[in-house]
Every structure is written in structure tokens, then in C-alpha cells.
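Residues per chain are reported as follows:
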Amino acid sequence: MVADAAERLLNLIIALTHAPRRMTRDEIRDTVEGYAPRPRGADEADVKKSDAAFERMFERDKDDLRRMGVPLRTVTDPLDGADIGYKIIAADAAMPPLDLTPAEVAVLSLAAEYWQGATLGDDARLALTKVASHTPHQVTEPMPWAARATASRDATSMLVDAIHERQVIRFDYTSSSSGYGHRTVEPWRLVVRGGTEYLVGRDVDKDETRTYRVSRVHGTVKITGEAGAFERPAEIPSSIFSDSMGGHAVIALRPESGHALRARATPLDDVTARDLAVESASIGVTASELANVHAPGEWELFSIRYEHLDMLRDEVLSLRGGAKVISPEALADSVVDFARRALEVARG
Amino acid sequence: MAEKALPRLTRLLGIMAYVQDQGESPFEELAEHFGVSVSQIRKDVNALWSAGLPGHAGGDLIDFDAYLYEQDVASIVDSQGVTQIRLSTREAVALVGALSSMLASGAAPDVAMSANDKIRALLGADDPVTVVPTADVDRAIAAALQQAVIRKRVVEVDYVDAADRRTSRTIEPHRLVAIDAVAYVECYCRRAQDYRTLRIDRMVGANVTKEPVVCPPADASGFSLVPQFQATVLAARGARWVLEDLPGVRLYEVGDDVRATFDVVDVDWVADRLLAIAPYLRLVEPEPVREALAQHADAVLAAVAG
Chain B
1 MVADAAERLL NLIIALTHAP RRMTRDEIRD TVEGYAPRPR GADEADVKKS
51 DAAFERMFER DKDDLRRMGV PLRTVTDPLD GADIGYKIIA ADAAMPPLDL
101 TPAEVAVLSL AAEYWQGATL GDDARLALTK VASHTPHQVT EPMPWAARAT
151 ASRDATSMLV DAIHERQVIR FDYTSSSSGY GHRTVEPWRL VVRGGTEYLV
201 GRDVDKDETR TYRVSRVHGT VKITGEAGAF ERPAEIPSSI FSDSMGGHAV
251 IALRPESGHA LRARATPLDD VTARDLAVES ASIGVTASEL ANVHAPGEWE
301 LFSIRYEHLD MLRDEVLSLR GGAKVISPEA LADSVVDFAR RALEVARG
Chain A
1 MAEKALPRLT RLLGIMAYVQ DQGESPFEEL AEHFGVSVSQ IRKDVNALWS
51 AGLPGHAGGD LIDFDAYLYE QDVASIVDSQ GVTQIRLSTR EAVALVGALS
101 SMLASGAAPD VAMSANDKIR ALLGADDPVT VVPTADVDRA IAAALQQAVI
151 RKRVVEVDYV DAADRRTSRT IEPHRLVAID AVAYVECYCR RAQDYRTLRI
201 DRMVGANVTK EPVVCPPADA SGFSLVPQFQ ATVLAARGAR WVLEDLPGVR
251 LYEVGDDVRA TFDVVDVDWV ADRLLAIAPY LRLVEPEPVR EALAQHADAV
301 LAAVAG
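In order, the protein sequence lines correspond to chains B and A.
Be aware that the first sequence starts at 1, since it is given in the numbering used here, and climbs by one per residue.
Be aware that the second sequence starts at 1, since it is given in the numbering used here, and climbs by one per residue.
What the hints contain is simulated information worked out from the structure, not anything from laboratory work.
A portion of the hints provided could be inaccurate.
Subject to a maximum C-alpha distance of 30 angstroms in a straight line, what follows is the list of computed DSSO-like cross-link-like pairs (lysine-lysine) [to be verified]: (1) 4/A / 222/B; (2) 210/A / 152/A; (3) 49/B / 62/B; (4) 210/A / 87/B; (5) 87/B / 4/A; (6) 62/B / 43/A; (7) 87/B / 43/A; (8) 62/B / 48/B; (9) 118/A / 4/A; (10) 87/B / 48/B; (11) 4/A / 48/B; (12) 62/B / 118/A; (13) 62/B / 87/B; (14) 206/B / 222/B; (15) 87/B / 49/B; (16) 206/B / 62/B; (17) 4/A / 49/B; (18) 62/B / 4/A.
With the rest of the complex left out, here is chain A:
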């Protein structure tokens, strides 16, 4: 299929802006810079060369240096005033939204703040997004992990897992990841002897050692977990927003209810999500999910009584 119009148009304008700013530019440099092949750059330059004012009279077209073109170098003789278009609101929001999420998580490099400020300045009064910072992540722990990732050093952490067990782990950190504005570190965990993705806000301490990281990063992302089985839930429509976020979910409207079929990786995690929408639930299948849900509910009620 042919490339979509907007990515190509944006690159065509980009080549014009880049070559005007930087002067003579080898096709190979343009190809690397814009992430396409050299032959695509040649096609792009040809397309630009034959673009111009209506009528296409001599002197009304974009013009490149023909001698340099033969040597695979772009050099503009006449630009016809063509250059890059400003960012649209949506484009700027797409950048700002992602950066804000990283910044809010605490898992962002220092330059994310200045990059964010520069893009937000473009939006000016038209900026449709406000980001209110909060302080859930321990900044000292986040900063320690940043240093460890940059300098490739082993870290000793005190970690509290989802089942609320506190453990000390020695990890080899590879990358900091912000997922839905929550910060994680992708690492090799020596205690588990496997790759893990650990939430930074579940760390109560982090100590950067002098020992270098030796394990290579995992090929796969830490989130490609294998589902154990499928579960089905029937719930009132008001629970739909929670069900929409279950992994691999398929939703069907059944009258005023919604039926969700989804993958179960961790039955306790699923039970937590279901407990949060308990008043909406009508039917839960299969039995192991019901049992986990019942156990969680029993434990909550026992605590209230005790």
C-alpha cells in the first residue's frame, strides 16, 4: 500500500526546511534523519523538484542543484518559500501528554522537563491540557534508579509486591518505563533469577552499588505474560469502564448489561479488579475466579470484625 499522504507531505516539507537550515545535505544523511531509505529520499527530492506554482512555468518551481543531485546531495536553488508547517494542536498535545505522563511518574530524564516546556510554549493559550503534579513516588528513590540506569550499576532495593510482601532484592536495572504515569524499572532480578518489571512507588529504599550491570536487557517486554485461562463476567453497564481495561477483553452488550470475556494471568489480580466493581457484578465464571473473589471479600470482612 502506498504511504499515507500526511506522513509523506510532512517529510517533504521537512526535507525543504532541513536543507535550507543545514545547506548541502547528502541523501544518506536525510535518509537517516527522517528514518526512510535513500531511494525514498531520491523520490521525495524528485517530487519536490516538480512541485510549484499553478501553470508550472519556468522559475515557478522548486529548484535543486542538478550537479549535486547527481552526487546524491540535496541543495536548494529556489525554495518557492516552502518550509515546515507549525505543529497542530493535536500534534503538540500528543507530545506534551506523553512527556507529562513520564514527568508525573518520576521516571523521566531531566531534559523531559525542558522539552515539555518548549512544546507547551508553542500551544500558548490554546493548550487544552493542564498537568497537576503529585508526589506519590519517592523522588530520592527515582533519582537513585535514574543514576543506576545511566551508569549501568546494580541496585539493592527494598520492595513491596502486589500481595504486600516486603522483600530485599538485588536488581540489574536496564530501563525506566512510565506506564499510565506510573514508574517502573525493567530489570534482571537476582532473587527471582529472571527478568522483572518492578513498580518504583512500591520501593521503600534503593541503594546504588559500585557493581556494574552484566545481564543484557530482556528481548521481550516484561508485560508479555502467559494467560492461564479465560474468564467471563456479566455485569451492569456501569462497570464497563473497568472491564474495558482487562487484558485481551472482548465486550458484548446484553440489554442493560455487559458481558466481558478476558485472559486471566493472575487470578488474584483479577479478583481485585472484580472486588472494585462488586455491586455491578451479576455472574462470574469459572469457579477459581469466584473462589479468589470470595476469599478476598472474606478477608476484608474479617478485618473489619477483628
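The following block holds chain B by itself, in its conformation from the complex:
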């Protein structure tokens, strides 16, 4: 008998691929190399023990095959619904041609490093072995590129699984508007935008489509309920990631400060500032507010688009007085509130 799990799985793949119609659990157990056949003439206790050991091993093997992408089909006997068998269709299982160039394979090899210790790193390494299987050998020089995720979480791989299996998930989350709480969500898609990972799905309790920042998910994601529990919409509602998300802010910067912010912002000169004041309804700033701040040499005005108010707030706070918010008012207020609350804790 073969003791090695990889060799047993290999024999199982060959057997299920060649089976004319399907193989039942008993057929697999009795004939596939690597499984202990059903004991003959043993007493009831030994049979039970042997049955349980096979069930454990076979369940783990099925999980392993599915994890590595083998499309394992369940074929039920038309006359007896309880009689289940298994089959692999070779054409479904085989790797389609990828036609990757050696340079493309080399860039893929950076992916395993990216996830570091997280579960997706193991998946990336398996993927690289698969990709290498159909690529001619070529010695490549080390590439002067690298990629890493410092806060790569196992949450991401759990989310990918749950989206794929269409399973409801539960997690703890801090929202920028409503604070800390539990969420129960039908996960639809992961969206990566500007280096931030988002989960889009339906909040089951509120019955609404919601977007969550994966970095704001606490600890682990719990998968609850059965696979195939809901339908994913073919397209995520465009309103979730349209330009209507966020808005425009007017920020005053000290000369020679806020360079990273300047790089993304539009400077407002006297004329533009006056024009904006005329259209103040659109940005929520009055002419007098602009005049107050627009002291040449002391402050310079910029208009900047933001997606998340709290991210812009963090950026303004981190400039340590090099910036102040002119509009919107909610942002200006929250900057002041955060600074005051910090003082309360730091100085009592």
C-alpha cells in the first residue's frame, strides 16, 4: 500500500478520470492504491473503526482535490438517490494553454513573495508550479522588482473562498460612520482600488448592498451556512464605485508643505477661488470664508477629490498643522474633534 498522500491522490485522480461512468466510495476504497480495503471477516468494532478511518481520509482527499481545482463531479445513481459516486472529466480538469512568455512567468514568481505568510501564498506557489508545467525551461536573471503585502490577512483568502462558494459570512467590522459591530454578509466581489481592498456584498440584516474595507475587518472571517446560498449579481451596481463616491474638498496648505497632497490636487489661484466662491453651492464655501483664508504667502488653496472622508482626515492630521480644511464642514469639524480628543487622552 502507498503511504504517501500525494501518491494516493494521484492514483485517485487516474481512477476517477478513467472510470467509464463513476466510482462509488466502496469501489474507491477497495481498488484505488493507497486506501485500506474493507476488512473481511473482522468483528464489528474493527469494521466500524476501519469505516471511520476511510471516511476521514476520503473527506480530506476530496477537500484537497477541490482546493487544487480538480472539478470533482458527484454522480448519483438514477434508481437510488442515496447511492453516490464520483467522476473527473479529463477535459474539465486539464490546464488550458496559457502561452506565457518566460518573462511573464518570471513576473508571476513575484506573486508568491507578495502574500508572505498568508494562506494565499501557498496557493500562489501551487499556481507557479502549474504554470511552470507548460513552460519551457529557461534560466532567468533575478528581476529588479518585488511586491509585498504587509497587512495581508487570511481574511482575503477566506473572502475569495466564500465568494466562490457563495456562502454567507460573519465578521466584526469598524465602519467609518457607524463604528464597531458585527456584520452578516452575502459576499459578491472583492474590489481593489488604489491599493485598498473592498468587499462588496449584501448586508443580510439591513438587506442593503454595502461596501466594506477589508483592512477594517477584525481578525478572522467566519463562514456560516451552506454553499450556493445566494446568487451573485452578474455586475456590481455601478453606483458603488462611481465618481459620485466621495466628493471635493478645499484644503489650505502652508507653503512648502503637503507635497504628496499637492501632487493630486488642483491649485486655486485668486481668479479660480473667486469663481468657486460664486459657484459656492457646489463646494459649500462662501466668499468670505475663502477671503479669510486666502492670505498670500501664508496659506495656499487647493481643490482635491477624495473617496473617503476619513482617509483625507488622516492625511490632514498627519501634516501636523501644515494643512487645514476649508470645506466640507464635516471634514473640518472632524479634524478638530480628533485633535481635541487626542489632547484629552495625552494630557488628561
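The hints should help you fit chain A onto chain B, whose structure is shown.
Relative to the frame of chain B, chain A by itself:
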């Protein structure tokens, strides 16, 4: 400990696919290609050779050329239809996620785009990830640094550091790194006379010179900084997601609060992170962290008043 089942199974299938595609393959070539020893390849070929249909009757097993095997060359006589399995969704996502992050940062070689497209095509309608590009990095600066890294040329950059000071630096670039989709260049900085990791989106100009890079790359990564001391923060649970990302952090739930103990490398950086979760904070230790936090908050309020 024995090798885990899935990496070995994937390599066994890989050897079958590779030898069928490429024909006679020396063990040494297979060892290099799959990143294992020659003796491991021999064990793998032996395992494949004795694998096959139930019953293991003659003609039902995978078969290799015995004469070539003696010369450490794999050549398949009968494959039993065994070849590599397609990528699982998670495997494809693991590749696409990493490539997307590099592409979004701007620190990616040109082939990353085509490699990404080919893997995404495999996922088809089952692709659970959408990547929305944004334009925070100055593409011209990123492209200049790419050229400098490939051609190993010295670059003059205008750089704005985390404390918002603008400086001109002459750097010897070694590698472009995307960390959480933010692009950095690992380099030797002549101004600091030391190795540095600089954010590309903090560069406001980059000029590639004709001068070649002479300093070798640093052995250690630019992120192995030495902590000065440990700090402890007690905060409402809602701040946990920020605390989870602090370096070397250990978290304990205390009722509805969370206590975080972590390493402080740069006290101002820590103060920035804490200022961002100020309403959740209950207790900050030790005093130097409180002082930095208070100074930052004072400066913010002074600007609003002025």
C-alpha cells in the same frame, strides 16, 4: 517532516505535463525547473512509474523509458492521460491579486500587464476580484525609475519625506517594490550615505543620469528597522483594525476594549497612527508617545486657529 501532499502532487502532475510537452528531459533540468533536488526528481519519477489504474495490471500504469531512466533522463512511454490540473480560483486570485497590486502601484514591469490579462482570462466569469486603477503615482517618474533600475543608472530625485521636508537626493536604485500597492524604490542614498527605501509617490521629480550604479544592493530589506521601545495602548474595540497593523503588535481583548502592545521605531509615525483613532483611545503609555501625540494635536489646532 514529510512534504505536504498538495505541493508534491502538483509537482508530480507538472513533471508529467512538462515531459509530454518537451520530450526527453534530464533530471537535472526538471530539478532546476521545479526547484527541487535531482534525488527528489528521481523519487518523483519512481512514484509516477508505479501509479496507475486500480488493480495495477500491466498496461494500466504510467510508464517511463527504462533505458533513459538509467541515464537520469525522463521520457514518457504511457502517460495514462495524466497531465497538469487547471488553476483553482484561489490560485488564480493569488497571482492576479499580487500582480494587480504591483500594477496599481506603478512599480511593475511591462510584462506584468500581459501576464495579468492571461491569468484573468482563465478566471472568466468566475473572477471574484475587480481592480479599479487609480492615478496617484506620477507615471513619468515611475517610468524613469524603471529605466534606471533596468539600466543600473544613478538618479537625481526631488523627495518629500514623511515629515513633509523637501530634499534633493542622488540615489543608486536597486529594486522597485510594491508594498500594499504603494511603490517604493530600494536604493543607496548618497545624501544619507546609507541604504533607503523611498516612496515613489513622494517624489516630485526624477532625472536619470548617465552615471552607473556602483553600490551593491543591501543584504537586508529596508524595513528591518530597530525598535526603540515598547508602547501600550488601550482603546475601544472599534480601533482594532488600525492597531492590528502596528509593527510587532500583540492584542488582548479587555471587555469591550482592546489592549495593544507594540514596537516603536519612530515615535512620530506612531503618534500619526494614534491621532487617526483619537476618539477610540482610552490610555497611551509611555509618556514620550503621549507627548508626541499631544504635540501633533496642538499643531493641528493651532493651524485651524491661525
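Hints, one by one, checked against the model:
no.: 1; hint: 4/A / 222/B; in the structure: holds, 25 angstroms
no.: 2; hint: 210/A / 152/A; in the structure: holds, 9 angstroms
no.: 3; hint: 49/B / 62/B; in the structure: holds, 20 angstroms
no.: 4; hint: 210/A / 87/B; in the structure: violated, 63 angstroms
no.: 5; hint: 87/B / 4/A; in the structure: holds, 25 angstroms
no.: 6; hint: 62/B / 43/A; in the structure: holds, 25 angstroms
no.: 7; hint: 87/B / 43/A; in the structure: holds, 28 angstroms
no.: 8; hint: 62/B / 48/B; in the structure: holds, 21 angstroms
no.: 9; hint: 118/A / 4/A; in the structure: holds, 29 angstroms
no.: 10; hint: 87/B / 48/B; in the structure: holds, 26 angstroms
no.: 11; hint: 4/A / 48/B; in the structure: holds, 28 angstroms
no.: 12; hint: 62/B / 118/A; in the structure: holds, 28 angstroms
no.: 13; hint: 62/B / 87/B; in the structure: holds, 12 angstroms
no.: 14; hint: 206/B / 222/B; in the structure: holds, 19 angstroms
no.: 15; hint: 87/B / 49/B; in the structure: holds, 27 angstroms
no.: 16; hint: 206/B / 62/B; in the structure: violated, 36 angstroms
no.: 17; hint: 4/A / 49/B; in the structure: holds, 25 angstroms
no.: 18; hint: 62/B / 4/A; in the structure: holds, 15 angstroms
Checked against the numbered hints given earlier, this structure breaks hints 4 and 16; the rest are met.
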